[in-house]
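**Student:** Each chain, letter by letter, is given below.
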Amino acid sequence: MPFTDKPQVFSASINALSFGPAGKEVTLGGSNVYPLYSFDAPLANPVRVGIQVSDKGFDATVPGLAAFYEGCSTVAEMAARAAAAPGVDFVALSLNSADPNEDNASVDDCAATALAVAQAIDKPLAIMGCKNVEKDSELFVKIADVLRGQNALFLSCREEDYKTIGASVVLAGGSSLGGESAVDINLAKQLNVLLSQLGVPTGKIVMNLGTAAAGYGFEYLASTIDRVKDAALKQNDGMLQMPVVTPCGDDAWGVKEAILEEADMPEWGSREERGIQMEIITAAACIASGSDAVILRHPESVKTISEYVSALM
Amino acid sequence: MGKFVVIGERIHCISPAIREAMNTMNPEPILKRAKEQLEAGATYLDVNIGPAESNGVELMTWAVQTIQGAFDNVPLALDTANMAAIEAGIGVYNRSKGKPIVNSADAGDRIGYLDLAANNDAICIALCSKAGVPADNDERMTYLQELLERGLELGMDPEDIWFDPLFLVIKGMQDKQMDVLNFIRDISEQGLNSTGGLSNNSNGMPKHIRPIMDSAMVAMAMMAGLTSAIVNPCDLRLMETVKSCDIIKNNFLYADSYLEV
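Residue numbers (our numbering), protein chains in the order written: chain S, 686 to 998; chain A, 24 to 284.
Please note that a few of the clues may not be correct.
[Claimed, not checked] Quick list of in silico lysine-lysine cross-link-like pairs, DSS-like style, CA-CA up to 27 Å:
1) S/Lys691 <-> A/Lys120
2) S/Lys848 <-> S/Lys827
3) A/Lys55 <-> S/Lys919
4) S/Lys691 <-> A/Lys26
5) S/Lys919 <-> A/Lys272
6) S/Lys919 <-> A/Lys26
7) A/Lys122 <-> S/Lys919
8) A/Lys58 <-> S/Lys919
[To be verified] Ranges of calculated distance between the beta carbons of each label pair, as one might list FRET restraints:
9) S/Lys919 <-> A/Glu62: 19 to 27 Å
10) A/Ser267 <-> S/Arg833: 37 to 45 Å
11) S/Val831 <-> A/Ser280: 27 to 35 Å
12) A/Met243 <-> S/Lys919: 24 to 32 Å
13) S/Arg912 <-> A/Ser267: 40 to 48 Å
14) A/Ser280 <-> S/Lys919: 18 to 26 Å
15) A/Glu62 <-> S/Glu710: 50 to 58 Å
16) A/Asp95 <-> S/Val831: 51 to 59 Å
17) S/Ser703 <-> A/Ser280: 52 to 60 Å
18) S/Gln693 <-> A/Lys58: 29 to 37 Å
19) S/Tyr905 <-> A/Met243: 45 to 53 Å
20) S/Val831 <-> A/Leu282: 48 to 56 Å
21) S/Tyr905 <-> A/Thr165: 45 to 53 Å
22) A/Glu62 <-> S/Val831: 18 to 26 Å
Derived from the structure by calculation, the hints contain no laboratory data.
Where is the CB? At the ideal position from N, CA and C, for every residue including glycine.
Work out the full structure: start from the sequences and follow the hints.
**Tutor:** Here you go:
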């Protein structure tokens with residue numbers, strides 16, 4: 686019998702979500718095949734790569750980062766430099782300084798930083814909070830107001846704060862929003878249901894399904910993304926068809942392979958190279974599982990992953 | 024496995040309001056019932072225009088365009104004894120949300136409906152009967168094989184033939200209920216799809232009893248492998264049972280609000 690090629694093209698698809706100011710938008714998702722299965726049907730959009738810039742500055746102990754950001758005196762200058770780096774699709778500003786257990790920067794100061802960054806870059810902007818639920822609520826409400834019209838992407842709301850953030854960021858501010866669930870597939874779906882019931886259009890939602898560095902419980906994340914894509918495409922589950930955005934940088938740079946200095950572990954070689962490798966390996970694995978966008982810290986990782994994505998299209 | 028496919032049965036010319044609407048081609052009562060069923064969770068809507076011997080082509084064309092136009096090309100099951108009407112309905116049918124269903128073929132006089140479905144790349148409901156109710160499951164299986172072989176000869180994908188075991192009324196045929204369920208398992212074990220008029224089991228029972236009996240039947244039938252049913256989706260208890268069984272069967276991902284999705 687002759688071989689009949691049956692492409693696995695689904696009647697369901699991942700939602701296409703665009704963010705960024707008019708004329709500079711970037712679009713995530715949109716495909717109707719399994720992640721990277723371009724042999725079944727052309728992929729609607731490539732995986733997008735974001736570069737993370739912290740409002741607390743870069744890690745000066747990493748020589749490559751120090752060299753890259755040399756001469757920058759403000760967060761906005763850093764963001765402008767990052768935005769121009771090869772392979773960058775969008776900038777993700779993380780407002781670590783707002784953390785009440787650390788610098789506890791004021792909401793107004795953070796909003797001013799966010800606005801300055803938005804004005805300094807010619808790429809779409811994602812806003813990441815400080816990982817404190819209460820503070821993130823206050824931050825996002827204010828920043829959504831300041832960035833009105835910028836069509837930014839806010840990462841992320843959680844079960845505890847989705848009402849406040851959903852209402853201010855999307856319903857009032859017109860921006861897009863990520864729902865964050867710590868590697869809990871049922872919660873991921875539930876958050877999308879709750880946001881929808883609040884009136885947030887499904888086309889304005891992305892999912893941050895959680896993160897883990899490769900080798901550090903990554904298989905839980907990978908299987909979660911797998912199952913989400915399966916339900917979205919095969920079962921046409923409209924509450925799981927949101928694009929997946931995975932911030933990889935913080936986890937990859939937080940494991941011992943990326944922390945231990947060369948002086949402490951000479952046989953492992955350059956710490957910076959190890960950190961970049963962890964970041965690349967983590968991001969590549971997330972993309973293979975189904976992330977529609979990844980967020981990385983080091984410009985070298987961004988460049989490599991961006992080339993990898995182009996080669997796979 | 025995909026979600027259980029609920030085919031809403033409420034657009035049926037046996038209802039006086041719908042019959043009147045079909046006679047006068049008045050869209051309102053039909054669209055109202057379509058809306059209610061979709062909001063209640065139906066995937067497909069059955070459109071039964073009756074024998075429609077004189078004006079079937081015109082009526083089915085109108086019904087398909089009216090319903091699909093109002094509800095984002097909702098997939099439909101076309102249900103009439105007038106084959107030309109089904110063909111005309113498929114001619115104007117938009118497939119973006121799912122193939123049309125031809126309702127229905129059997130192994131007797133209505134076997135030509137399978138050809139109709141095959142020629143139009145449609146799904147076909149295939150009753151495992153010839154004339155009247157099959158005596159036992161051996162007879163049902165004979166008809167299933169006849170229908171399956173014919174469908175395959177016609178080039179149909181076996182997944183596009185949805186076998187109907189024939190649900191039987193409990194008041195009168197109580198001793199045959201387990202046969203029906205066992206036959207559903209036989210269909211499922213062959214990897215085939217199944218559907219049927221499930222609420223026939225509770226025909227003649229008091230109104231308040233029917234949702235209870237239908238819910239029990241759908242749960243047992245889903246356990247046996249039933250993949251679809253033609254039912255009244257506005258029966259809340261029934262729909263809650265279907266959704267819960269879909270979760271237990273891992274057909275649909277659980278979330279705390281799964282009943283509201």
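**Student:** For every hint, state whether the structure bears it out.
**Tutor:** Now the hints, each set against the structure:
no.	hint	result
1	S/Lys691 <-> A/Lys120	holds, 20 Å
2	S/Lys848 <-> S/Lys827	holds, 15 Å
3	A/Lys55 <-> S/Lys919	violated, 30 Å
4	S/Lys691 <-> A/Lys26	holds, 22 Å
5	S/Lys919 <-> A/Lys272	holds, 15 Å
6	S/Lys919 <-> A/Lys26	holds, 10 Å
7	A/Lys122 <-> S/Lys919	holds, 16 Å
8	A/Lys58 <-> S/Lys919	holds, 25 Å
9	S/Lys919 <-> A/Glu62: 19 to 27 Å	holds, 25 Å
10	A/Ser267 <-> S/Arg833: 37 to 45 Å	holds, 43 Å
11	S/Val831 <-> A/Ser280: 27 to 35 Å	holds, 33 Å
12	A/Met243 <-> S/Lys919: 24 to 32 Å	holds, 26 Å
13	S/Arg912 <-> A/Ser267: 40 to 48 Å	violated, 20 Å
14	A/Ser280 <-> S/Lys919: 18 to 26 Å	holds, 21 Å
15	A/Glu62 <-> S/Glu710: 50 to 58 Å	violated, 34 Å
16	A/Asp95 <-> S/Val831: 51 to 59 Å	violated, 37 Å
17	S/Ser703 <-> A/Ser280: 52 to 60 Å	violated, 27 Å
18	S/Gln693 <-> A/Lys58: 29 to 37 Å	holds, 34 Å
19	S/Tyr905 <-> A/Met243: 45 to 53 Å	violated, 36 Å
20	S/Val831 <-> A/Leu282: 48 to 56 Å	violated, 39 Å
21	S/Tyr905 <-> A/Thr165: 45 to 53 Å	holds, 50 Å
22	A/Glu62 <-> S/Val831: 18 to 26 Å	violated, 39 Å
Violated hints for the displayed structure, listed by number in ascending order: 3, 13, 15, 16, 17, 19, 20 and 22.
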